Amino acid sequence: MSAASPFALLANATSLPWAEAPAWPVAEFVRATATELNRGARLCAWFGVPEASGTCLVAVLAFDTDNTLAVGRSTPLTGSYPALTATHPQAHLFEREVWEQHGLKPEGHPWLKPVRRTAGSAPANDEFFRVDGREVHEVAVGPVHAGIIEPGHFRFQCAGEEVLHLEIALGYQHRGVEAALTGGPHRATRSQMETVAGDSTIAHATSYATIMEALAGTEGPLRAQWLRAVALELERLANHTGDLGALANDVAFLPTASACGKIRGDFLNLTALICGNRFGRGLVRPGGCRHDLEPERAAQLSERLKIALADTEQAVAWFWDAASVRTRFENVGTVFPAQAREIGMVGPAARACGLVRDVRYDHPAGWHRFAQSPVAVWPSGDVFARARVRSLEIQRSGEYLREQLAAPAAGELAGELAPPRPETLAVALVEGWRGEVCHVALTDASGRFRRYKIIDPSFHNWTGLALALRGTAISDFPICNKSFNLSYCGFDL
Amino acid sequence: MFVLDTITHRLKRGCETMAYPNGPAPALPDRHGGALKVEASKCADGCTACIPVCPTQAIARPPGQPVALDLGRCIFCAACVEICPQAAITQTGDHRMAVTRRDALLLGESGHEQVRLAVALDEKLRKLFGRSLRLRQVSAGGCNACEADTNVLGTIGWDLSRFGIQFVASPRHADGLLITGPVTKSMELALMKTWDAVPAPKIVIAVGACAIAGGPFVGHREVNNGADSIVPVDLYIPGCPPHPLTILDGLLRLLGRLDEPSRPGRGALAATDR
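Read top to bottom, the protein sequences are chains U and B. The first sequence begins at 1 in our numbering and counts up by one. The second sequence begins at 1 in our numbering and counts up by one.
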């Protein structure tokens, strides 16, 4: 499919000269993008790059079955352009974002409103969608929530218990990450990358390191790639286990909730065994990794991993054995495969709708070129499926780690990195535990960042949660929300 | 069958709650490093090697003055420790670093090489909160790491509730706030409203480099560089994120539930700062 594409093709974790990205007048560019999306491509990124005479739009597409990415752009424009969202809903947040950041109005966008802009001391939320009717009532939740979680605002339109519509308003966590990156990298850039979404430190740090390596025209040493792959799976194990525990807690199934809460910490401690920090801060650096996993340490890691995996297996078995749990999860919060495809969902949430989407498999880079694990898929699209996919991924990550720890890559852990090439665009995708983490960087004439775009998987998936709530009882919101467990700060940037 | 399995397994696992604080504290990971110690007296004349490597600009050395490291801003990357030619900045391996006064995190000059650990609340507050403290958590730009390592204190391993400390769902039920994140401009209103809704007397705990000083986002116009620009803070717990043990130590210290007047084996620094 991609062979006939007029877009410039490139593989994940590589770069190309900016001049080689084909440019069309905007109407033609939107049409060309729509054509590729119709042929099965997926929109990974859509953003603006400021030029002297306006803003040029850039699209990064993924041809998953061809293991290829594609880049194209528009010539600079001001004012408005025909919305891609009108025909391809997966662009809806991207176009709102471009409108917010660059003032380009997508004509025909059905719900054009701010994404994360601050207005005074709160986000600019604008009007919410409202359903009218005598029996209809509105429920507002957040920004500050009942538990220890990040802030966001949920506005439900309900008829009795049933949710007719959910609108999710974010932006409370906006820390100005992208704006600060222009002109970078700066001194704080690496730690900002590690805190884009703090529970996905390894995924975002690896994406950033990969970008810097691609811009330098090289790749990290094999041993570092191996160690990054190990750390990425530990991150997945910790979060998936925590999520299963949280789901158990929300249906009052306390044995699994208690056990998983503790085991999650055991997995985090394995990351801390490698680098001292439970979230992997400071481990991944452009050009390599900072801490090595020496044989003795690796042996200890393997031993403790074995115990934690066995504990997880037991805790999760209780959970799946209980009919009371299954019945709370089945047919609750369903997203249909066609919807998931249409809105461009990624990660476990997409795989729980039967979509075979996994960057480790579709666009392997780094160590995943040499070692992969099977993609975990479940077809039903409900809370059950999202829990099931996590459960399967825990098994497969465990298996993957056992294999990788038994056969470590030899060699240097870090090398000197050449400065980024000027006028170059680099793309890095990493399959974090929530799904596809996408970083795109464009350098200026001096090799500094002219534009740096971060797309956390949550950016694709929040709409999935909104759809999952349609026709669901509002009392099921907690388990639906937990089954997605999306990032607020990764979205708000 | 299922019920029996569950009971058998629970019995096999036994009590999983750690002995601390009655027994020894769990060991920090060997590469964690713990709190930093800064001995400005060791610095070479005019040396500023550590200053440009700090990602959060936590280290300063004004001309003619000793080097000063703000542990509140520190994200514990240890870049300064690695580059210092005089070993003036070292890792202590100590998990304890919560303080009650912001300036107790400024390290460097003689007598202030290490943090001046938190003192307990006054007697009246200790009487109120000492055995029952209810907190409302507000994440205000936190990346979900400080949140996660606060949350973990509620799990069976740490079991925060055995100290009478609990996180509650409403500010009306709370005795105070535990804030994470640099306090984004977009959370200012929500934080103020939450603070106003907590009945007095109330306390505020700032967890993590962001909530203390803005962390990696210090200076961004979208953030407030920490919670104490919005609400008065009673306890600062440094880290990126702080280890759960560091957070627990801070909470217990504030409530006067740790009985340890000095740092055995780590120099003769007094544990109080006022």
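No lab work stands behind these hints: they were computed from the structure. It should be emphasised that the depicted structure is a prediction, and the values quoted were computed from it without experimental measurement. Be aware that a few hints might be false.
[Said to hold, decoys possible] Here are the simulated BS3-like cross-link-like pairs (lysine-lysine), alpha carbons at most 30 Å apart as the crow flies:
1. Lys127/B x Lys202/B
2. Lys12/B x Lys306/U
3. Lys127/B x Lys193/B
4. Lys113/U x Lys193/B
5. Lys42/B x Lys124/B
6. Lys193/B x Lys124/B
Hint-by-hint comparison with the structure:
1. For the hint linking lysine 127/B to lysine 202/B, the alpha-carbon distance of about 13 Å falls within 30 Å, and the restraint holds.
2. Between the alpha carbons of lysine 12/B and lysine 306/U the distance comes to roughly 18 Å, so the proposed pair stays at or under 30 Å and holds.
3. Only pairs whose Cα atoms come within 30 Å are accepted, and lysine 127/B paired with lysine 193/B is accepted, the gap being roughly 27 Å.
4. Pair hint lysine 113/U plus lysine 193/B holds up; C-alpha atoms about 25 Å apart against a cutoff of 30 Å.
5. For the given pair, lysine 42/B sits about 43 Å from lysine 124/B by alpha-carbon distance, which is inconsistent with the 30 Å threshold.
6. A C-alpha spacing of about 26 Å is found between lysine 193/B and lysine 124/B, which places the hinted pair at or below 30 Å, so the restraint holds.
When held up to the earlier numbered hints, the structure conflicts with hint 5 and nothing else.
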